[in-house]
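Taken in sequence, the protein lines are chains V and G. Those letters in the first sequence? Residues 6 to 127, by the working numbering. Those letters in the second sequence? Residues 1364 to 1559, by the working numbering.
Each hint should be verified, as a subset may be incorrect.
Part of the chain G face toward chain V, derived, beta carbon under 10 Å [unchecked claim]:
#1 PRO1367
#2 THR1369
#3 ARG1370
#4 ALA1371
#5 LEU1423
#6 PRO1426
#7 LEU1428
#8 SER1435
Everything labelled a hint here was simulated from the structure, so no lab data went into it. Small disclaimer: the values here were computed from a predicted structure and weren't measured. Positions of the beta carbon are idealized from the N, C-alpha and C atoms, including for glycine.
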Amino acid sequence: MPEAGILPEIRDVLALDKTIHEPARLAILALLLSVDSADFTWLMRQTGLTQGNLSAHLGKLEAAGLVSVEKGFEGKRPKTTLRITPDGAARLQAQGKALIRFLGLIDIRPSRAAEKRKDMRS
Amino acid sequence: MTMPMTRALYRRSFDDGWLDVLTGLGLVLIGLAWLADQIVLGALVPAALAPFWTIGRRALVEPRLSSPQFGSAQQAKTRRALTGWLIFGAGVGLTELAFLIFVNRGGTGLGGVGNVAVGIPAILVGLGLFAGLMLGAKRFAAYGLFAIGLGLAGAWTGTDRPGLLILLSGVLVLACGGALLARFMMRYPMTGDEDA
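The shape of chain V in the complex, shown without the other chains (with noise of 0.2 Å):
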């Protein structure tokens, strides 16, 4: 089938970014975005990845240049900080706008009245 007759939501969710799409990388990226940086420690209790699971994941990010990671010391503990990368957050974004467009085809995207009202109560 030629590329021209396929719709341009479809073609944009076949591109998306895998790095980015597994649940556990997508759901790391979206809390770093909504914060200025955090530690492994609560990334670990907000995800409940292990700490293993963890760590690959963010090793993944970080060779993918989607998130910084900043090794220190607080006192005499180890403390790992961590941030979504400027390209991480405008990949992740665009990444939500291409399922929010492909969603929307199939009707699963909520109405913009009901995403008001839900902000609104939140």
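Following the hints, put chain G in place on chain V, whose structure we already have.
For chain G alone, coordinates are given in the frame of chain V:
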């Protein structure tokens, strides 16, 4: 403008119960000071307990859950909320002082208007507890309603001990805070050294 996830995470950062424990303890101490006729000591309680907010967070919460750095927009919102709470607290303090002067001038008997006035401190405490909503801690509305209910009940039954009403409000907040804190500590044991 903050994101919905930032606001949700921020709200949850007060779910450990430490804020409730400190607030409840403060009300219990204020109530006891009133009962012992040491109202000036009661007025010092908020200032005396304030440093324990950070001490408790560092000792009990952060080693278990840690805490992220929220963005400057969220921090500014918190500053505004806490400033509002402090201003409201000062207003409550001044009103209670005016109440005391009113009661003292009327002698020790609290007949007539005094019966209504005896519930006012607890009602004001209840209104003050509603300020917890500014931090997104919705349970503080329930505490506030309880304190207001106690104030009204105290006025209706004609009690002459406003300190007791504050003490009882504090006991409820302290008990709920203790339960929340215990649940938090069981859910999140101390972490060892982290490794990323």
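Each hint, compared with the structure:
1. PRO1367: 6 Å, holds
2. THR1369: Hint holds; G:THR1369 Cβ to chain V Cβ min 4 Å, cut 10 Å.
3. ARG1370: 6 Å, holds
4. ALA1371: Where the cut-off is 10 Å and the nearest Cβ of chain V is about 6 Å from G:ALA1371, the hint holds.
5. LEU1423: Check failed: Cβ of G:LEU1423 comes no nearer than 14 Å to chain V, outside 10 Å.
6. PRO1426: Holds. Min distance 8 Å.
7. LEU1428: 5 Å, holds
8. SER1435: 8 Å, holds
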